[in-house]
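Kindly produce the complete structure, drawing on both the sequences and the hints.
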Amino acid sequence: MSAKVDTSLPLEYQTEQDRMNILGFWVFLGAEIVLFATLFGVYGVLYERFAGGPTHKDIFVIKDVMIQTVLLLTSSFTMGIAIFEMRRNNLKGLITWLVITLALGAGFLFMEINEFIHYAHEGATMQTSAFLSSLFVLLGTHGAHVTLGIGWATMVIIQLLKRGLTPTTARKTFIIGLYWHFLDVVWIFIFTFVYLKGLVA
Amino acid sequence: MGIKWDEFFITGDPLILGSQIAILLTMVGAVAGITYLKKWKYLWTEWLTTVDHKKIGIMYIISAVLMFFRGGMDGLLMKAQTSRPEMEFLNSQHYNEIFTTHGVIMILFMAMPFLIGLMNVVIPLQIGARDVAFPQLNALSFWLFFSGAMLFNISFVIGGSPDAGWTSYFPLAGKEFSPGIGNNFYAVALQIAGIGTLMTGINFIVTILKMRTKGMTLMKMPMFTWTTFVTSILIVAAFPIFTVALALMTFDRLYGTHFFTVSGGGMDMLWANLFWLWGHPEVYIVALPAFGIFSEVIATFSRKSLFGYKSMVFSILGIALLSMVVWVHHFYTMGSGPAVNSFFSITTMAIAIPTGVKMFNWLFTMRKGRIKITSAMLWALAFVPCFVIGGVTGVMLAMGAADYQYHNTLFLVAHFHYVLIPGVVFAVFAGLYYWWPKMFGFMLNEKIGKWHFWLFVIGFNVTFMPMFFLGLNGAVRRAYTYSAESGFAPLFMLSAIGSIVLAAGFAVFCYNIYWSIRYADRNISSDPWDARTLEWSTASPVQFYNFAKLPEVKSLDPFWHMKKKNEGLTLHDSEIEEIHMPSNSWVPIYMGVIFGIAGFFLVFEWHIAAAVAGIGIFAGLIIRSFDYNEGFHVSKEEIHRIENAWRKTEGEVHDHVS
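Protein chains in written order, with this note's numbering: chain B, 1 to 201; chain R, 202 to 859.
Take these hints with a grain of salt, some might be off.
[Unchecked claim] Partial chain B-side listing against chain R, Cβ under 10 Å, derived:
| # | residue |
| --- | --- |
| 1 | MET20 |
| 2 | PHE25 |
| 3 | THR141 |
[Unchecked claim] Simulated restraints, written as ranges between beta carbons of each label pair:
| # | chain 1 | residue 1 | chain 2 | residue 2 | range |
| --- | --- | --- | --- | --- | --- |
| 4 | R | GLN606 | B | THR55 | 40 to 46 Å |
| 5 | R | ILE824 | B | ALA106 | 23 to 29 Å |
| 6 | R | GLU686 | B | ILE33 | 52 to 58 Å |
| 7 | B | THR55 | R | GLY381 | 34 to 40 Å |
| 8 | B | GLY80 | R | ILE235 | 50 to 56 Å |
Honestly, the hints are just simulated from the structure, not real lab data. Using N, Cα and C, we set each Cβ at its ideal position, and we do this for glycine too.
Written out as structure tokens, the structure reads:
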């Protein structure tokens, strides 16, 4: 509760409440790991249950997946630069890199929606088979997280524009940064265990 | 899609019609009463928008007691139906609905909120903090739980109750075999409440890690704090699994996916695995804090510090770890094979070891103690033998091979009631009698409390002991009736009589609350039990900022040592400083309501309306994001005034030292 400020620390860690918020978010990410692990587990159980419908090889387009991967991994890198600019107390740089991050995220999302439309055209919907149910829900949950992240980061950018860099806005920015990197890590698992494994199998 | 008006109100059952009328009258009565007494503003500012952990805890406890009533009525109806062979009191469908709601309500809407309520009241006080780490999130947790509970509860008058058991196994729970909307209520209401619980878990982990007062290392934490901490970790580890399972269930039921439906390549056993992967830790999520309560109560009323504190901590951690690797013991007979069954047999039986350690620690705590038999202590004493019966029958069930004999019989039902009722219900009663003066500044009546205790404990044993024998004789669970030739009738009758005694015990408990509110002595000390932990070093009821000066801790049972040495009890004027407190917020209750509305539409598969309500949820998140309310400061003068009102002489804590 106390508002004691320790200026020797980075901006986002300066008050006790901000430190607790960041720790709380790490714990929340722990819960998110369990959530995605469960979805991966479900996918792992169902991934060869095609029920006569399309298989991995019928629907995956590796080129598009590569583009998605590059977009998202780059966005994680730009998010890193954004936080770096925040540490340098450069508000303009921070916002610029955040906007670039979100643009890359939006590009990823655009590609993913196209991918889903493509699947649907191939007759692969989530009602088709257990494999596709688990695929759509796993990818969709990740995609929903990206969507939420874009909306959330937009709110943070508005607050940065309104209030500048304060311990509170810095903490919010730092937390959305953690969230964004987390989504990237999840994507690496999706790329490996869904797409690569699907194409190799 | 489309609005299913024909499925809206449940008609044609006199019991349900009576409930509908009763609910309507109660609501009208409550609204009229509050309006007449002009209490709306008080209700809104003091309770509905509060972020004070103690008030949130009290609201949790009130909700839990109401849910206890609802779940208990379900239990009584079941007992009435099975009291005689070929009984025609409830039909099979109605019976299915009742055992489903009984299970869900008792575990998720009674046991958990009761314990979380006690945690909310006690934990920040025990660790010498002014609040939890995230007060507004705490209020949100409560309102999400409440919203989920209400959504689940209206199912029996609007739309129809879920009827696939509290485990909701597929394919029974799927659209094919449960085409009504009852199981949608299960999927959606538990999801909403579950999100609230997850938030609570996160909140308490951070609170306990970061907000302990000066000097309180992890190994100096009171046992209830320890169990709450480990429980919170279990919540964070287990609840996301349930979140996913319920979401997949929702997809299967509402959008025609094939996760658990056997057509389209789905796998019904996947549900069983996901459910119990959450469901088994859930058993310990409710049991561990209860163990913590018993530890506090036994130590206080034996007037000794807890025996084997370190072994207690390690056994909690051991139980938590093992609880995550035993889930298959819930379905030994579903074809997992001998190797898998053996692994889960061994891990399951291993849980008896740390639990046994705890049992002996409690017994050794009492040994050579100066035991005071209060109501709270009675519950702890009765817990020991009753829980041992539950535990021993648990080890019987843990043997995979033997389980083929008694799975799906009343033996199992008797076992888990022997674990959950002594292990959780006795504990929350003990906790309530113990911490009641801290919450409200007066005690529950001890004499009525003993009536409550004896009726409840005798009723409990008479209800569930016969079920062991019924089960071993082959009486299956979930069956709504049985033939006269089976020979089950006398034991079923005995069990039904027991349930009436049990219910009488609960009624006496409610009467005790009523009596104590009206007549109990308000002039009690802040430490009526001569207790050991920090929550007793501050006023009863606790002032909203908890501690005028945060206490400093040097040992286990810090307050006890402060009293013994007569130091650290006084508060000097010069030590009073301004205190920063969080402001009330309407956002948590708004989120609860809007989640409830969205959930309701989703249950009825009115997707457009649900989407509109969903926008309301995002609006709430955005409002919260832009909220920069920094709270307020309590002035030195106000603290001075409040502290003076309860400390005997100016600047001093009362001088009781034993």
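Practice problem: Quick one: which hint numbers does this structure break? Sort them smallest to largest. | Solution: Violated hints: none; all satisfied.
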